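Heads up: the protein sequence lines correspond to chains F and X, in order. Quick note on numbering: the numbering used here labels position 245 of the first sequence as 279, and the sequence is numbered without any gaps. Quick note on numbering: the numbering used here labels position 18 of the second sequence as 944, and the sequence is numbered without any gaps.
Please note that a few of the clues may not be correct.
Taking beta-carbon pairs under 8 Å as the criterion, some of the chain X residues facing chain F (in silico) [what the hints assert, rightly or not]:
id : residue
1  : I954
2  : T967
3  : L970
4  : T1019
5  : L1099
6  : E1100
7  : L1104
8  : G1106
9  : N1138
10 : M1175
11 : S1176
12 : I1178
Simulated crosslink set (DSSO-like; lysine-lysine; CA at most 27 Å straight-line) [what the hints assert, rightly or not]:
id : chain 1 : residue 1 : chain 2 : residue 2
13 : X       : K1103     : X       : K1033
14 : F       : K36       : X       : K1122
15 : F       : K41       : X       : K1122
16 : F       : K140      : X       : K1122
Far from chain F, some chain X residues (derived; all Cβ distances over 10 Å) [as the list claims (entries may be wrong)]:
id : residue
17 : F987
18 : Q989
19 : F1006
20 : Y1137
Keep in mind the hints are simulated off the structure, nothing from the lab. The model shown is predicted, which means the values in this text are computed figures rather than measured ones. Every residue gets a Cβ at the ideal spot worked out from N, C-alpha and C, and that includes glycine.
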Amino acid sequence: MKKVQFKSNYSQYFFLAPQLLILLIFLYWPIIQTFKDAFTMQDAFGFGSQFAGFDNFLFIFSDPSYFTAFKFTIIYSFVITLITGSIGLLLAVQANKVMHGKSAYKTLLIWPYAIAPAVVGVMANYFFSERYGLLHHLFNNLWGFNWYENVFDAYIYVIIAGSWKQISANFIFFLAGLQAIQKTVIEASIIDCKSNIRRFWTITFPLLMPTTFFLIIINITYAFFDTFGIIDTTTIGAPGSETKTLVYKAYIDGFKGLDLGSAGAQSIMMMIIVLVITIFQFRYIEGKIHYN
Amino acid sequence: MIKYISSTINHLILSIGLLIMIVPIWIIFASSTHSSLFINTNGLQFFLGDNFIENYSRVLFKQSGFFNEITALKMFFNSFVMATGIAILSVITSLMAAYGLVYFKVKYATIIFWLIFITLLVPLELRIMPSYIVMSKLNLVNTFAGLILPISASAIATFFFRQFYKSIPDELLEAAKLDGTNSWSFFIDFLIPLSKTMIAAVFIFMFVFGYNQYLWPLIMTTSEQYWTVVMGLKTMYGSISDRFAFVIMSMIPPVIIIIFLQKLFIQGIFQNK
Chain F
35 MKKVQFKSNY SQYFFLAPQL LILLIFLYWP IIQTFKDAFT MQDAFGFGSQ
85 FAGFDNFLFI FSDPSYFTAF KFTIIYSFVI TLITGSIGLL LAVQANKVMH
135 GKSAYKTLLI WPYAIAPAVV GVMANYFFSE RYGLLHHLFN NLWGFNWYEN
185 VFDAYIYVII AGSWKQISAN FIFFLAGLQA IQKTVIEASI IDCKSNIRRF
235 WTITFPLLMP TTFFLIIINI TYAFFDTFGI IDTTTIGAPG SETKTLVYKA
285 YIDGFKGLDL GSAGAQSIMM MIIVLVITIF QFRYIEGKIH YN
Chain X
927 MIKYISSTIN HLILSIGLLI MIVPIWIIFA SSTHSSLFIN TNGLQFFLGD
977 NFIENYSRVL FKQSGFFNEI TALKMFFNSF VMATGIAILS VITSLMAAYG
1027 LVYFKVKYAT IIFWLIFITL LVPLELRIMP SYIVMSKLNL VNTFAGLILP
1077 ISASAIATFF FRQFYKSIPD ELLEAAKLDG TNSWSFFIDF LIPLSKTMIA
1127 AVFIFMFVFG YNQYLWPLIM TTSEQYWTVV MGLKTMYGSI SDRFAFVIMS
1177 MIPPVIIIIF LQKLFIQGIF QNK
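Isolated chain F, as found in the complex (with noise of 0.2 Å):
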């Protein structure tokens, strides 16, 4: 820490104590809470409860709705995590390169990041109505788009609303991103290299390659945790329960069906999930120390 610090017997605790106070009574009880149910078996009536090692693990890994719920997982967020990237470098590209209207086109390109994936949800619902719905019947018209019965229809539902408001996200960080490259290694590009295409993936894109994994990491939090709203607001894991999200499956599970034991294991797996991806964030962030 500090060279220079002050030598006192308490008032560090003083300034420590209301954080810790919040995190031990509102983060580690429930945390023990969730240790405690994924090693305990309850009877459906919640009567008693025994000690069952690791029986709920075995449970949710013979489980094949844990394994769709996985499966769904990865490929929402690989979906995503591709479209909105693409998206917004394309834009930021763009915004980056041109004089004028810097500022209104950062401007309306941005706010949508703001909206709570919930009300994004809500908004998706109407598009994607039998009624009322203008992609329903455009994608009815295309091929007999049908999201409660079609898997299929159902990852497209979920991913256009998934992805839409993330993509201003992506923008904002690639824009940023481009900014932050000196001029001057690009203009001495410039000499070497005269097409613009070759020299954006031999020079700018491998100079965004922090943003861009940055990026990616942001991406993968938001499609496990952030788009609960949106899956509970649009296909509410339908068909079957194909567009369950691993987080979206623990909740149905533990708050619907009351299977705390199973909930509990569920969300110990997330959070190893979690830790992994952590920990590649900060090799991450020690690679950059060593590269500056």
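Please arrange chain X on chain F, whose structure you already have, making use of the hints.
Same frame as chain F, now just chain X:
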């Protein structure tokens, strides 16, 4: 000539991007100014109708919900209380905790550091059910405290205030110490004024974050008196134009923040990620 063409292409691509972002909201807005009867027979609308004032004032003041106990206006009030509470509480606790970590010799500093920062691994979505049980044990279901406290239990802001304090030169504290400043007045008179922009950015970001909460208010409020805007969207019943108008209104606070406080908000995003 080539330059002219390529800049035209730039503007063209950007305009398509703008259309993707704005047209959906425009359609919902335009549709919200028609009567429900008109929407039900003609579908979503591209052009404005005559029912703007009628629809919006009806939604704001009409009793709705399962038991007709709440108006949209009350939901906005609830959302503001919740979002402001979350923003104030996280700024204050994080500012203090970061100060304690950076400027003091703390026993077991590493343990406390990890105790605080490991919480970043466990978003609220992962502890939703046990959190609900804890809140009901504490009798905090259907209270503002219940809506605010668990969302404020986050170390993200602490992390960034800590980074910021570490970037402040040591000489500042040395000079202050020579003048006989104690830890409390150093915090109040030196650090807080220095962190003003940072505090504003974190505050705005946490406000929007709090306002946009969906799952937690959904679980924590069984009484309609505590419904918030974003959760109320799904549960609110009414005619189709009521719902359109409510969707549009629900976006206004965060969108105003991002348009007028763009610089601060973006700074907030960069610090909070």
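Here is what the structure says about each hint:
1. I954: This interface hint holds because 6 Å falls under the 8 Å limit.
2. T967: 11 Å, violated
3. L970: 5 Å, holds
4. T1019: 4 Å, holds
5. L1099: At 5 Å from the nearest chain F Cβ, L1099 (chain X) passes the 8 Å test, so the hint holds.
6. E1100: 5 Å, holds
7. L1104: 11 Å, violated
8. G1106: Violated, because the Cβ-Cβ distance from G1106 (chain X) to chain F comes to roughly 13 Å (cut-off 8 Å).
9. N1138: This interface hint holds because 4 Å falls under the 8 Å limit.
10. M1175: Violated, because the Cβ-Cβ distance from M1175 (chain X) to chain F comes to roughly 10 Å (cut-off 8 Å).
11. S1176: Constraint on S1176 (chain X) satisfied, holds at 5 Å.
12. I1178: 10 Å, violated
13. X:K1103 <-> X:K1033: Roughly 22 Å between the alpha carbons, so the hint for K1103 (chain X) and K1033 (chain X) holds.
14. F:K36 <-> X:K1122: Holds: K36 (chain F) and K1122 (chain X) sit about 21 Å apart, inside 27 Å.
15. F:K41 <-> X:K1122: Holds - the C-alpha atoms of K1122 (chain X) and K41 (chain F) are around 26 Å apart, at most 27 Å.
16. F:K140 <-> X:K1122: 25 Å, holds
17. F987: 21 Å, holds
18. Q989: Non-interface label stands for Q989 (chain X): nearest chain F Cβ at 21 Å, farther than 10 Å.
19. F1006: 15 Å, holds
20. Y1137: Violated, since 7 Å does not exceed 10 Å.
Hint compliance for this structure: hints 2, 7, 8, 10, 12 and 20 are broken, all remaining hints hold.
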